[in-house]
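Enquirer: Listed here are the chains, written in short residue letters.
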Amino acid sequence: MTSLNFPHAPGDGGGRRSLVKALDVYRSFGRTPALTGASLSVSKGEILAIMGPSGSGKSTLLHCLAGIFTPDSGEVWFDGQRLDTLSDAKRTELRRTAFGFVFQFGQLVPELTVTDNIALPLLLGRASRKAAYGAAESWLPRLDLDGVGRRRTGELSGGQAQRVALARALVARPQVLFADEPTGSLDTLTGELVMDLLVGSAREEGTTVVLVTHDARVAAYADREVLVRDGKVVDRSDAQVEVGQ
Amino acid sequence: MQNASLLGTRACSSHVYAQYLLLLYAPGVTVPLTLLGLLEREPSHGYDLKRDYDTYFGRGKPLPFGQVYATLGRLARDGKVIGGDAEPGAGPDRKRYTITEVGAHEIDDWLTQPVEPEPHLQTVLFAKVVLALMLGRPAESYLDTQRAAHLQRMRELTETKRTGGLMDALLADHGLFHLEADLRWIDVTSARLSALAELVRAT
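Read top to bottom, the protein sequences are chains A and B.
The opening residue of the first sequence carries number 14 in my numbering; numbering runs sequentially from there.
The opening residue of the second sequence carries number 6 in my numbering; numbering runs sequentially from there.
Facing chain B, a subset of chain A residues (Cβ under 8 Å, in silico): (1) D209; (2) A229; (3) A233; (4) Y234; (5) E238; (6) L240; (7) V247.
Label-pair distances were calculated between CB atoms; the ranges are: (8) A:L136 / B:R189: 42 to 50 Å; (9) A:T201 / B:R99: 44 to 52 Å; (10) B:E45 / A:L125: 54 to 62 Å; (11) B:T60 / A:L125: 45 to 53 Å; (12) A:P66 / B:A132: 22 to 30 Å; (13) B:V205 / A:F42: 32 to 40 Å; (14) A:R163 / B:T35: 53 to 61 Å; (15) B:G170 / A:H227: 27 to 35 Å; (16) B:I87 / A:H227: 53 to 61 Å.
Keep in mind the hints are simulated off the structure, nothing from the lab.
Note that CB positions come from ideal geometry on N, CA and C, so glycine has one too.
My request is simple: use the sequences and hints to build the entire structure.
Expert: Pasting the structure below:
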């Protein structure tokens with residue numbers, strides 16, 4: 014019998030400072046409850062995977078943590094400030110300046126080129142064109158996108174599109190990257206490449222990552238995983254797991 | 006229950022873990038057949054066979070010289086290889102070994118036959134879940150704990166892939182896919198636990 018000491022205590026990410034937190038969050042859509050008392054804490058610099066079956070509430074939880082949805086009740090905190098009670102305008106500002114997003118289908122702007130798409134968050138933040146495009150172009154080689162900067166995003170493969178989405182999510186150097194099934198539309202090897210780059214870039218930048226996935230191979234890139242079941246968070250990462258017969 | 010106990014051994018390094026994987030998931034990779042396969046390429050000395058075995062299959066666990074020569078001796082006894090005359094030089098054995106038709110036939114058979122598909126771990130998991138339900142124990146909690154243990158191993162293997170070479174990555178992939186299959190079974194079983202509990206308690 015071997016004892017596995019998991020590195021993180023529940024909710025505190027191994028003693029590091031909590032950056033994102035949900036406390037007893039409820040959220041319904043009409044009469045359908047999606048979250049029924051979900052609590053979760055993500056530490057600064059941590060890569061956390063939220064897993065769970067379809068309809069378990071994992072994407073709703075991510076949207077609440079990112080301030081896209083407001084909970085019906087409960088609290089959401091980011092970097093010591095209450096997120097769910099902020100005005101829409103302030104939450105939007107926070108999403109633009111402190112958060113980055115990658116979704117299953119890149120959600121790039123098809124009319125724009127690759128570099129335009131990557132520069133977009135900076136341009137929306139009123140950075141100069143020179144600074145925005147300089148930063149955007151610096152991401153192309155980092156994500157193996159050399160030579161595609163002037164292409165329109167409709168001309169890209171799925172893997173390239175997700176790497177562009179990743180560059181766009183990270184170009185403004187967000188504190189937290191929220192990723193919802195970032196490899197869900199990709200084949201295994203392409204998905205691995207995207208995850209290698211996502212995790213590698215996040216670690217280089219010190220970015221905290223909250224990753225929703227139903228795919229265990231994707232979750233295995235994270236430092237820790239939690240399971241959402243019936244709208245609640247199940248965290249076994251504190252378990253002293255006895256592995257044996 | 007060898008597989009479960011191997012899975013439970015703490016991995017000290019990626020190479021050690023890769024070796025566990027080899028034992029876990031590639032039990033058909035036997036030393037005699039592997040050496041025979043290497044000999045089919047070209048006649049070789051024991052030293053060369055050991056070097057090639059370690060390069061391609063050892064994964065951090067070198068084959069002892071003693072095992073190489075003992076295996077070659079058994080293969081020669083069974084007519085699968087022929088040892089040439091001893092050549093002058095340092096070392097205990099300077100024979101050049103050549104594969105025979107019998108040995109080549111055995112390799113041909115081995116390489117064309119599929120490995121027996123054996124769902125090792127599921128049977129243990131299944132027994133634990135059913136017994137937990139029979140005994141009124143918290144089966145769901147057990148499955149959650151098992152899921153966490155599987156994911157911990159998957160994290161280690163993913164790190165092996167990220168930091169190792171192609172051979173390590175392929176071995177790690179083999180383990181990852183098997184663990185993923187277990188996890189899918191765990192998820193499906195978790196979803197059906199109520200129905201399974203009724204069935205178990207009714208019989």
